[in-house]
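Enquirer: This is what each chain is made of:
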Amino acid sequence: MSLLLRGGRVIDPANTVDAVQDVLIEDGKIARLGPRLQAPADVEIVDVAGKIVCPGFIDMHVHLREPGQEYKETVATGTRAAAAGGFTAVCCMANTSPVNDNGAVTDYILAKARVEGLVRVYPIGAVTRNLRGEELAELAELAESGCVAFSDDGKCVMNAGLYRHAMEYTLPFGAPIISHAEDSSLSAGASMNEGVVSTELGLRGQPAAAEDVMVARDILLAELTGAHVHIAHASTAGTVRLIRDAKARGIRVTAEVTPHHLVLTDDAVRGWDANTKMAPPLRTKRDVEALIEGLADGTIDCIATDHAPHALSEKEGEFDLAAFGIVGLETAVAVALDRLVRPGLLPLATVIARWSRDPARLLNLPGGALTPGAAADVTVLDLDAETIVDPSRFHSRSRNTPFGGWQLRGGPMMTIVGGKVVKAAAS
Amino acid sequence: MGWTRKDLLSMRELDAAEITLLVDTAASLQEIASRDIKKVPALRGKTVVNLFYEASTRTRTSFEIAGKWLSADVINFSASGSSASKGESFIDTAKNIAAMSPDVVVVRHSSAGAADLLARTLPCAIVNAGDGAHEHPTQALLDLLTIREKKGHFEGLHVAIVGDVAHSRVARSDIHGMRKLGMTVTVAGPPTLIPPFVQELGAKVSYRLEDAIGDVDVIMMLRLQQERMTGGLIPSTREYARFWGLTLDKLARHARPDVLIMHPGPVNRGIELSPEVADGPYSVILDQVSRGVAVRMGVLLLLAGRKEGDGA
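In the order they appear, the protein sequences are chains W and Z.
With the first letter of the first sequence counted as 1, position 315 gets the number 315 in the working numbering; the numbers rise by one all the way through.
One rule links them: number in the working numbering = place in the second sequence (from 1) + 427.
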């Protein structure tokens, strides 16, 4: 089965391509790119004139909740949400039940993904057993089973000595340690950012320093060990500054930022909607500006959703008792295009690079480029598509989004994984 | 002007005219307390539910008496001894109570935003009787009524709010209400008990009791909420009492002779207030409690008496 994407603007940062070209896909691989390619016999032609054709987007921070919390999400529903949102691959975090801290759980996730997954699934293994922060998980077995990184995401490994050992032990595997940087002694009991809004609402806040302290520690440990440390969901101006300095000194540190931390501030909490509650919390305008600047100049390497599905019952009650986290797969691209690219805060090519080339590079994943011979993972964007976010139509099993009702212009139009169309045009 | 809101959730959302209306209404109802027969038929046939998820003596009793003096049917619900103790969620319990068609639900809850949550979910009127460290508007209103009675006006008065401001919903409601009526507010306490950026709510900040009480008309002493003290906010209650406890001696040396001492209760005697101050001539603490009934009558009357569509 062959596919010809006709007449789109191809933006492929890894190959420094930005030109109107056809893309021919054959046998699940990128066959050729070029202007006005001749269509082979029995090829399906999709007219993408005026659209953006780019390497498949990779979301390197997703919670698929399976095994154990299938009422929130499954590999099947989560990967459908990913496909609908324009993603061809997701990396899933280890805080499942049981925790993905041994090869058997990794095998289970990968088996589910092979049978029910609509996009590629790359598991991330736990750093510590049962995420308790007390002893190392079976890191070598996790790597052997296919984990592409290690993280206790959702929890911070507070024990610096143990974390150092994790960094050293995993050095041979070529897979980064992903830090959920949050000093729990500074964030205890907090359900939002510490600032004027938390004071007004009477909610306990956590200061930006709760993150910055740990980012600083992890940079120092990366320097000590030579390990590659990746900072998950950067949310503060301090983190951006620390990473910028660390990169300038040649330390192997990378970082991601979520769409919600790029477009929302703690002002959004004023309506008491628990869909504005996540860890790290929404910060201030100053932080948002620093994050955008960091993403633009490459201090922050990628955009990731931290897609964190929760059932309605976990989000509809008291704010301070509600679960942390929001879904993101089905809103991320549209939010970024409408609120970051359209107003000129970020170039389109930068957003594409941060969602394809850069996560592929830092996790050593295939993909992230439209190179002939590579697997045909392609995302097509329509910059003019108008949508109103309707959570009731999500493919995800959960609906916990702060973006419900948002009118957005621009979004994913097609998602192609290994040559197979998993989100069709005009669906 | 008349009352147009469905709910009373916070002082922050009210404007000066609304606050004045509430205080005036309460003032006009005060004389009921001195009647031989303390009952008026204003809310006959109306149902008020006190939905209390947190321990309360003053506030719950005050709402109950207020409702009964107005002839409403008052039902008390507390989280212990209810289906909440069987694990039913707050929102489910509230929906079930709403299904029994109360006119007003008075809610006290340890979670900030709980009253807003009910207001968004239930069709009846909601009164916030204290939600976490967020707001406690009827307490602010009774503070205001007491102050106006004793001082005759609001404009230009200076109030010091002293102690555990960080955990205090009363402080937040007082700051909003007092600022809107033209008063100056200074909050004072050790820095660990002063919430961050409180200046942006319009309050001045002092870290020394002697400075804070020097030139004020009212000293509002807050309860040291020992049950909420975690993470070493203060070294000891002994040290707190020594540096932040209000004694007759400190009053005599630093405060004005006409100063009012207020406290939202319950008082930790010997910690934030010496017994001599709590029971002394400057204290209007029990006046606050009496005014509380009038304020809650006023609030119930305005909310339950509001006709459908008044707010349109």
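Hints in this document: simulated from the structure, not taken from any laboratory.
Among these hints, one or two may not hold up.
[To be verified] On the chain Z side, residues computed to face chain W include the following (Cβ under 10 Å): (1) A560; (2) A593; (3) I661; (4) P662.
[To be verified] What the simulated footprint calls covered on chain W by chain Z, stretch by stretch (three residues with Cβ under 8 Å from a Cβ of chain Z suffice, anywhere in the stretch; the number is not a length): (5) 168-177; (6) 192-205.
We put the beta carbon where it would ideally sit given N, CA and C, even for glycine.
Enquirer: Any hints from earlier that this structure breaks? Give me their numbers in increasing order, please.
Expert: Hints 3, 4, 5 are the ones this structure does not satisfy, whereas the remaining hints hold.
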